[in-house]
Amino acid sequence: MGTIIPLRLKRYETSTLASFDAAAAELLAEGRAPTLPSAQLDAILMKLRRQRAELLAINADLETRAPSGDARIDAINAKLCVEVRNGLAHIDLFIQRAASGRLNASKLVRSFEPASPA
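Counting in my numbering, the sequence shown runs from 405 upward without gaps.
By construction, these hints were calculated from the structure, which means they are not laboratory data. Here a beta-carbon is modelled for each residue, glycine too, at the ideal position from N, C-alpha and C. Any given hint could turn out to be false.
Said to hold, decoys possible - Using C-beta positions, here's what the derived DEER-type ranges look like:
1. I462 to A502: 20 to 26 Å
2. A479 to A502: 44 to 50 Å
3. P438 to A475: 23 to 29 Å
4. S423 to G473: 38 to 44 Å
5. R476 to R501: 19 to 25 Å
6. Q455 to E430: 23 to 29 Å
7. T468 to N508: 38 to 44 Å
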């Protein structure tokens, strides 16, 4: 009747922040980010954009499904569409705020740079 799904032990889990740090270190090593905070923000943005693309694909699939003929399944699909759209709105907001944070951070960094001679 049921299937046993093995769960990972806590000691084998990697924290979300550690995965962002690993991605940020890679961006720094490749010269695609000037500072660690900038690289961390870029890593967060990359993950948000990947998740957004995945949700868009799910949304497209849900919206193109023909009615199943089962009212319960059709109601669940309709609710899923609404929740996917809500998720997309949240991700868009996170991306907007992260991009705004990057802009503010770069302005702050530039304010500490020495002025170039005229």
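Here is what the structure says about each hint:
With their beta carbons about 22 Å apart, I462 and A502 fall inside the hinted range of 20 to 26 Å. Look at A479 against A502: about 35 Å separates their beta carbons, and that is not inside 44 to 50 Å. At about 56 Å, the beta-carbon gap between P438 and A475 misses the expected band of 23 to 29 Å. A C-beta distance of roughly 43 Å is found between S423 and G473, which places it inside the suggested range of 38 to 44 Å.
Here the CB-CB span from R476 to R501 is close to 37 Å, at odds with the stated 19 to 25 Å. Between Q455 and E430, the C-beta spacing of about 19 Å breaks the proposed range 23 to 29 Å. Remark: the range hint 38 to 44 Å for T468 to N508 is upheld by a beta-carbon distance near 40 Å.
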